[in-house]
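Participant: Work from the hints to combine the two standalone chains into their complex.
Going down the list, the protein sequences come from chains A and B. All residue numbers for the first sequence refer to the numbering used here, where the first residue is 1 and numbers rise by one. All residue numbers for the second sequence refer to the numbering used here, where the first residue is 1 and numbers rise by one.
Derived from the structure by calculation, the hints contain no laboratory data. By construction, the Cβ of each residue, glycine as well, lies at the ideal position given by its N, Cα and C atoms. Be careful, since some hints might not be right.
Said to hold, decoys possible - So, partial list: chain A residues that the calculated Cβ filter (under 7 Å) puts toward chain B: (1) Asn-78; (2) Leu-167; (3) Pro-407.
As the list claims (entries may be wrong) - Covered stretches of chain B (chain A as the covering partner; in silico rule of three or more C-beta atoms under 8 Å from a C-beta of chain A): (4) 804-816; (5) 836-846; (6) 854-860.
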Amino acid sequence: MSQVDPQVPAPGDALVTHPLLTGRHSDAEYSESLLAYVHAPPTRAWWMLLGVGLTGTALLAVAVGVTLWVGVGAWGNNIPVAWAYGITNFVWWIGIGHAGTLISAILLLFQERWRSSINRFAEAMTLFAVTCAGLFPLLHLGRPWKFYWLIPYPSTLRAWPQFRSPLTWDIAAVGTYLTVSLLFWYLGLIPDLATARDTARTHRARFWYGLASLGWRGSARHWRQWRTGYLLLAGLATPLVVSVHTLVSFDFAVAQLPGWHTTVFPPYFVGGAVFSGFALVLTLLIPARKALGLEQVVTLAHLDNMARVLLVTGWVVAYGYIQEHFFAWFSGNPYEQHVTWAQHVGPYAPLFWLQIFCNVLVPQLFWVARLRTNTAVLWGASLLVNVGMWTERFLIVVSPLSMDFLPSAWAAYRPTWVDWSLLVGTMCFFGTAFLLFLKFVPAVSMSEVKELRREVDESERFREELGGAP
Amino acid sequence: MPLLTDSFPLPVLADRGDAGCACGAARPRAWRSWESRREVPARSAEFPDGADLPPEGIARRGFLQVAMASLAAAGFTGCFRQPAEDILPYSHPPEGLTPGVPLHFATGLEWDGLVVGLVVESHEGRPTKVEGNPSHPASLGAAGVFEQAALLGLYDASRARTCRLEGQEVAWSTVQEALEARARRADEGAGLRFLVEPTGSPLLLSLQARILERFPRARFVPFRASLPEGLHEGTRRAYGRPLDVVHDVAREVVVSLGADFLATTRPGNLVLARDFLAARKPESPNRLWVAESALSVTGGFADERLRAKPSQLRPLALALAAEVGAALQREEWSRLRPPVEALSDAQRGWVRRAARDLLAHRGRGRVLVGPESSGAVQALAFAIDEALGNAPRLIEPVARPLGGLEALASLVGELRAGTVDTLIITAWNPVYAAPVDLGLAEALSRAPFRLYHALHEDETSAHCPSFVPAAHAFESWRDGRAPDGTAAVLQPLIAPLFPAAMQEADVLGVFAGLASQSPHALLRALWREWAGAPQDFERRWSTWLAEGVIPGTRAAPVHAELEEHAVLAATREPVPPASGLELSLVLDAKVHDGRFAGNAWLQELPEPMAKLTWGNAAWLSPATAARLGLEKDDVVRLALRGQSLDVPVLVMPGQADDTVTLALGYGREAPEGVAQGVGVNAFRLRHLDAPWGASGVGLTAVGRREALALTQEHWSMEGRELALQVPRARLTEELRALRPLQEDAPHLYAAPLRTGAHQWGMAMDLHRCTGCGACVVACQVENNVPVVGKEGVLRSREMHWLRIDRYFLGDPDDPGVITQPVACVHCAFAPCEYVCPVNATVHSDEGLNQMVYNRCIGTRYCSNNCPYKVRRFNYLEYQQREPLARLRQNPSVTVRSRGVMEKCTYCVQRIERARANARARQRDLRDGEVRTACQQTCPTRAIVFGDLNAPDSEVKRRHEDPRHYRLLNEQGTQPRTVHLLRVKNPAPRGGT
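Next up, chain B with everything else stripped away, as it sits in the complex (with noise of 0.2 Å):
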């Protein structure tokens, strides 16, 4: 495995497992920048200061303040900003650090029960960036946009900072105290029941099968937003017990039945994107078969993309086993069938044409199925990829308990039975993701003790009496797994930066009866037992944590037999019909089940389809829309049992006829800030038969407009050449078509000179590039890039360097979807160059474009004359300021100031740290040693950055290869970054 470059990657907040704390005694204090010290001031909103100033109006109370000052010092604000604080040295670095230098440690974030391998770059103490653990199975280097927003949660200044006990805030020793009261019980445990979520952690399990061995009679509930997944449900019918299936999806054909496993939206997905485009070489892609029925990542990457409601992707699972074994001679498989009425022709035809497909390529395809699917669609998918040689690859469940909404529907049936003295509650906010039917909130209050563990006061707080907050990820030692199995231990970058925050095993540790020992000695104990004690158990884990993973954990294939007569048994049982509008409930590709909807990156991050930020909306087919009388933003009721929400219609291409989409995970009430009423809570519709949705739903016009925050109105590319996409039997003469973009125009100029010794360039291919939104992430937090509110996006303020373009190609109501990722492009003929009247944007002699902060008065006659409009303009000041969100910020970038100008700097910081780097070691600097932020996470490597003088470099290679093209080429402004087209792949036509 290749080692992390840090000179010293030992972590030093490695502690010798003595101390009480997570952190360990001895050298916190020197880990936490001197902000964190004091009391920080708790503000209620994480917005930038600018960003809840209404820009149309005034604020009623800055009124007076405002029209005053107008008259007097109004000019002078930007003159005062220096903080009235005491400022300490810091006199006692820690070993092995430099000043200015960062260090990277590799530890990792579990979501979903399941761990993605993370770098963190800590400076001085304080993580500012996560990146992909390169020797992680599930990150290969990449991360998504969960991981990387991850860090703004640990800032997040509403977490929560008190223990309360019984509504009275105590100290955490208080709170340990009541459990272990609670813990000394004669019951064998019948009355105490643990609510979690199902982690592959083998600390936790270990402290949960501890506990049930102490207490028998307990039990734990599993409870997650995202189950239930009828994966379990589907291995069980198809192989007899519940098992997880590590995909494999390089290969040639890939059929999906609403899986969308493009997206960085759950764990596995990084790597299944990695390994799919490993396959997708644009000279012999291979071809990716959709049918969904709202646009996702992977519907807009497919090759024959097909629009179903969710109740059709059971009769496209029949149909396709049904033609795929009427291929193989298979007797009963033909009679799976569905009725004719089920699907429609164009439906049957993708069928029949993704069955020929998958058996023209036997044992070299993949059919994959949504999690939301019943458990016997999954079980038939598995008996197909069986039957057609493309056995997947099985291991045993990693994440535990195993178990759906039912365990918590019993578990409130115990509660309202009265059964239940003690509940612990640490799975994240069930009041608030728990079906509506089922009545949580109001059977908790029948539990005499109950007790709450999370980062924030949220919903469910709000019915627990006893709360701990929670200590952030990057604050606890813990372990897990990936979805391979491979196991990481996940260290903490920093102490908690709230004394009373208490991880997960410490609150059961108490019930293990192991309460005197932290996380961190109860991680070393587990895992030397494991190692066999080995002498030199201090240096394995020392590389442990400096590699992130440790080896030989990856779980082992489990062999099971297919049982057809079950999976055939399974598909026959019968399912209600669905009929009128059908309600599809989706996890939300930013903010996840709403565990993520406090983040402000999150939230001001484009929905990689629908480019909409701050909140959901009913996604509506064009023409379900129209035959409504529908628009955008007009507010509709859905109503369904009883249950209605209102909620702003967004008309999308591409979303099945008759169906409403609305994701889960908004509407927030608590805690205050962020995530507070953006949106609206979709869990209201969810139900404990139907948790993905139902049909029937009833929707009207409620007669009012709510503006949604798109970053991208526009559709289309108005017949214009930008970002390019061609099918592969075309390839080759649409490749002599793009010399037109590719060459020189002619210009009265000279090219400017190119004296330095790198000559920087940029490629991105479309050919990799899923629009998942990665990168976008990536380069906010590098940058130190400013969010701006859902005010700031309606007025089309937002401040990301790098934009994901999605344009829609022919039919609305089916379209073509192509995403193009956008940043400056580094002209030779810069226009905003030349307009700018004080020298703030200038050449250097690498070919960067470079923007001068301090010089920069903000006439944005820069971005006016910019062709790419890539220049973001801070209209207000937008950079928080506030001490928390200080330590976030990247101190190897200014931080931009009101009134100025930003861009795209390809990252010149790392450009310029490598320099110093290579300077050091008296060599030059090696291609690949600079790696800008969007393209070190990108999942599919579409973004390549390096020196164009270089001989032999990737991105060299990319500017020659034949699907190069410069966007706007006829501008003639010769940019440094070129785009390469899009091959798509689809199935040919004819004969059926």
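Chain A with its partners taken away, still in its complex shape (with noise of 0.2 Å):
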């Protein structure tokens, strides 16, 4: 029986060439720091960007309020295109959360230690965008207050979902990620929350996050405790990092449509969900990291990795875009062929090339190391993925309904105000959110990186006791 090694912190990544933290500095320090934006008064930024997100969930109250009025007609949604921007959002939105599962739940089962500053931001931005996502299936319905007769309640109607349909598959795939992202989002939070009481200036603010912080004391039993369900909520949200936009996909799959009907969807989609999610995060977290001044926690390392991953999933995305080419080629379906040659060419040709180039070129960008960490061209390529991940559900909810089987029933599809209206109604709203998450919320995880950085310097005194270089 060997002698188990005492359990040694890792030296340093050799893929990771910059600190993940910079400058030392001790936990009350860091209390301070990362909770000086939550405890100071709103700044003018604040309120005038909160001004800007409110008017556009304004505008989504009413986008909403006239598709539930006059109906899911005031869409341009048609026949045959049944299915447009209600879903195309639908799905990007969903794409958009894995980022935060993959970061909280992976990352954490794999123990990555770049994880620790950015997953609480990660996380809600998945809550959030989860959030927006649900609103869109709901709106689609033609008679979206009969929702509920998508889930498997005992009616006394005495019906039940048809359960060969992935829709109400999709409704138990969303539910859960919907669940599982907030406790453990919340579960994450409890500690940080529980120190915002101790530091908070006022009585009234002392009162609420002592409510939200659950009774915290910061016990090494409640440490224990906390550990342990926080990991097994890991392990609940690593398979749904891969199953609810797996599930999302098979919509299509399922589905008998040229351009739809593809084996492919599952993993291409769940490469989309997360080079589309890490997009997000790079393109909120570089101006919030500045305004915020969390320089020394979110350093150009995570930066770096990230634009790595948006490097690997970018092409997990174009692979999938080969895949289609050669499938429709391989399989000798006339249908498939003219749907994918269609797009080249047809009137989604222009959609099309902005696709591959934001989602195919732009992430090549980053073979180079300097400008993976260059946060102006990281987070104008950020932004261009998202517009071409937008675009790919686009193109992949829309063109193959507007050019099926019969010839005779082709339409195009014409989005209306409201289409537009939902569409930057969401986007101001997760910014609204985002907004007031950022108020209330310390950002990035104190107690992770408190944590972090008692690792960081154990694992540097273990190098320094060994005789200096690994």
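Facilitator: Now the structure itself:
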């Protein structure tokens, strides 16, 4: 029986060329600096952004109202294009959420230390994105007030959902996803809420943070149970990273429509989801890091890593495109071939080439190490990836529908102002929720940063003891 | 004659003839629904509720309302639909009526002066569906688009409701007194003129005769926009006097020069289509030659179609006569040959081959000429037919008075001269439809008293201070004649919805001195006299009403000698030379001359070939459009003799080059509602000497675009095997190649159980489908299918459960055409079923793919997964809910609300009604007992529905026909509707 070595902190990662933390601070200093934005009165910029966000949210409310009042006919959908912006937005928002789960759960299980500074951020994003996403399947129903018929409940009608339909799987998948994401986020937040309570400057803040922190005292027992729970939830969340978007892709893959009916969709959708999710994390993180002064905890190492993820998942997406084209040709299916070909040269060609540019060409920038840490390039690229992924979802949903089997039924789709308002409105709602999150909750997990600082200290000390280089 | 199936077929409305009102005083209240008892609120539009809401942008006034409601109770709109009205029990039903069981009454509709016999279904006194009358010679069970859609005109909220006398709203009795005062005159009617539509109605003609007896110097001036027809001029040239022709097209060779005899756009055409198809067996089809300028239903169906300008129809006829004459060694005929430059090589070749075909089938051919052609061309066709032993059947003209636009012109002259003091107008809307150079509107004002009798307050009523609202055809007692002269009594289905509505006989009766008698009484008196006042008149009258025809009234053939010299002399008359762009004005396939423009069903019916809805367009050939640098939707200004018109362009394959075809009947200014502002008024380019168009029309682009609402934008089949047609010569090998489209594809799953006793199926024979669109209207009426308006069509949201796909084949300038009806095919492996999350679409054990409306939540996944895209979604609240519109609905079919998917049900309500009927009689369902609405009305019997389990059913035979195939069979859906391929019979080429 061999002697098990004492746990050795990992000696630096060959890939990580930048420090995960810059400078060394005490716990109190971290609490102080990371909670500074929460405790300080809101800045002028925050108010202005909130104003923009609330205006957009009001637009969303109007668009939702019109949709419910007039009917889903207020959208531009038609026959044959019965799904359009609504489902596009749904898939896009759901995909965006994936970065959060991936960072929180999978990277936690793999003990990737660079997740610590950005997981809170990404998880919050997941929550808000899934909320936005969940709006669309409800609104797109012809009779949204009957949405609960999708849920298997003991109905006196003795009618159950039809379980062969991917839409019923969707309900389960998205519902689980939202629940687990919420629990995971909140559980991770508890120690920090307690810190906020303890450092709160007003009585009211102390009361509310105290209520929200559920009596956390930071005892060893608390920490032990908290850690177990957190790991368990991470274990639960891990399959969701793969399953949610797989099921969303089934909405298309299970149908027999040319352009939808393909087995590559599940991995392709998951890859695309992580791709778009990381892009949005970058889009939000880069300005927030600046504004909140988080450069010491969200360092170039984080940006570098995320850029690499973009590069990898960008290739997953590109592989999906290659597969689509290969199988369109290889299947010998004329309908499939027509849809694929028409994307290149037909009315949707500009969108198709935009998608190729944004999703395939732009990430190739990140082969260059310098560009991976150049915030301006990174930010621009992440924006383009977001545009590209939305375009991809739009093309997947709309273009096969608009030209399927019988040419007599072909028709184009044009969005209405309600469609645009819902898209812009959910973005603004997302932004608003995010601003509130930044204001009321520490955007970076303080407890994990403190823990990380100790780990880094330990490993450095260990290295010194070993006598320098590993 | 087969009796109708109702156990008590007598019309319940028949009154004793003693009441002043047409409907009889005793019972009409019982027949009117409670809604109509009260004042029905006037609604300006016939659009469905949702259709007037712009899908793009929100109505200005609705904005605040919506914005407020969005935050409050927006989600609950669907819950509150209870009408806040009292209802009354139906406590005294008429005799013979079982609530819930519809009755069927034989009646008919007269248009263009002729009657098509109909059977109208009536639910508790509300007419809800129009079908053809199998006993009637102009119907044989079929009904065209106009006859069926006329039902909507009955419930039209924009109908006129009050009488006017010199601008004052008055009661009919006041008008009647005024008219009686007008009838007390000493000038023998010198200043009395009637502007009427030619009619075959014995009742109206007898009233006219009686008026002329009283007022010998009065005159009845015929007017209808579909006049002048060259026919009477042609028979006058050929046979010495105006005659009608009862065409027989069950021939081996039919040559049509601009005659669109397969479309349902003329009263006689339903039977022509039936006859023509009778001689077109797939194994030995006849041959159809069509020369025309704009693609028509007949042209699309032709074996040999030739594009020709309108001005070239005359040289074509001359060349045809010359070819035939040369073969028959008629010296003077060969001199008819037109100058070489008049026709192209291809056209001369077409004529040569057509002539050879006619000569090879002497006595078995027919030459038809469109009604717009001149008398000389018509006469020439008779001469060719007579020379080839194809003599037509001639009868005395049915509709009178005779005459064309010259009669109206002389009336205008009299009006201008001030010699007319009383003008009674019962013709439809002459101010709108008269040639523009007549100046009728201005001339009208010269008549001191002018009274207009019409269904609507329209363009003409604006120039007539006195007005009497007309009763709808289904509210009137009258009679009429079929194209072959057969008379029928047209009985009302319902008492006038608006009490002030009067019939034409009421108005004319005043001048005939018969004001005290109701039209019903006059009608009975007339026919009693005709029958020789027999003892059993009551019984015979009842039989006539029940069967919808009066036996023994078919017109006897007239024997007339062809005057060949007169025909030849007519051909030598000079015609104005044609040059430049030729404008051709045509009656519209959907709104006719504009009288159906207020009919939303017809407005939304796709034009059979162009698939255009809600408006007209200038049709240009692809080559001409390219030459002028125009595309679809570009607005152009057509200028002719100082008149101009801005109209969007439709690039139309099959259109003759350098011609513009423009449909009449649009651009209505009144009444408010559906018709207003749809399309442009082509009558503004109509001139007295060129009623059907002219050459030298100016065309300039305006630089604006206006979207045309087409239901089918894509012309090509993309090389897919969808709508199939094969030339006769290759039929055998093509049938062999059809095998893969007939057999089940291998499947992973077991086929669904077929446990039901009946297994329903349908067959649609493309060989018989002309694409006329009658089935589309039938389906719409039967199944309460809503209309969505132009905005809806532009957004591809049309709701038709049954659509007719039209594809062009080959050269876009001169394409082949095929039409294919497509509705839900009721797949055995239905892709829609497994994707519905709430089980709203499920399979029945009898093979129906069923839609459960109240379970549907509107995910629309089923439509996405339907390879045929036959599912329709209620994107907005399309159903009309005002009382008048609700009267029209078929109570056997659920009215669908917003947010629900719908589609063809195989008329499941008809299946269930037949099943209940059979069960009550303790027997099994018989083949042919269930007929779907589309099948019932199809003039060519292209659609067959029935039980595939029945050993000898017609549908089973068609399912086993070697011509049958399954649409998209490779998808493995195993559809229950099969299509049968079309066999074309082009003339053999080679040699000249």
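Participant: Give a verdict on every hint.
Facilitator: Hint check results:
no., hint, in the structure
1, Asn-78, "holds, 4 Å"
2, Leu-167, "holds, 4 Å"
3, Pro-407, "holds, 4 Å"
4, 804-816, "holds (count 3)"
5, 836-846, "holds (count 4)"
6, 854-860, "holds (count 6)"
The earlier numbered hints are all upheld by this structure, with none contradicted.
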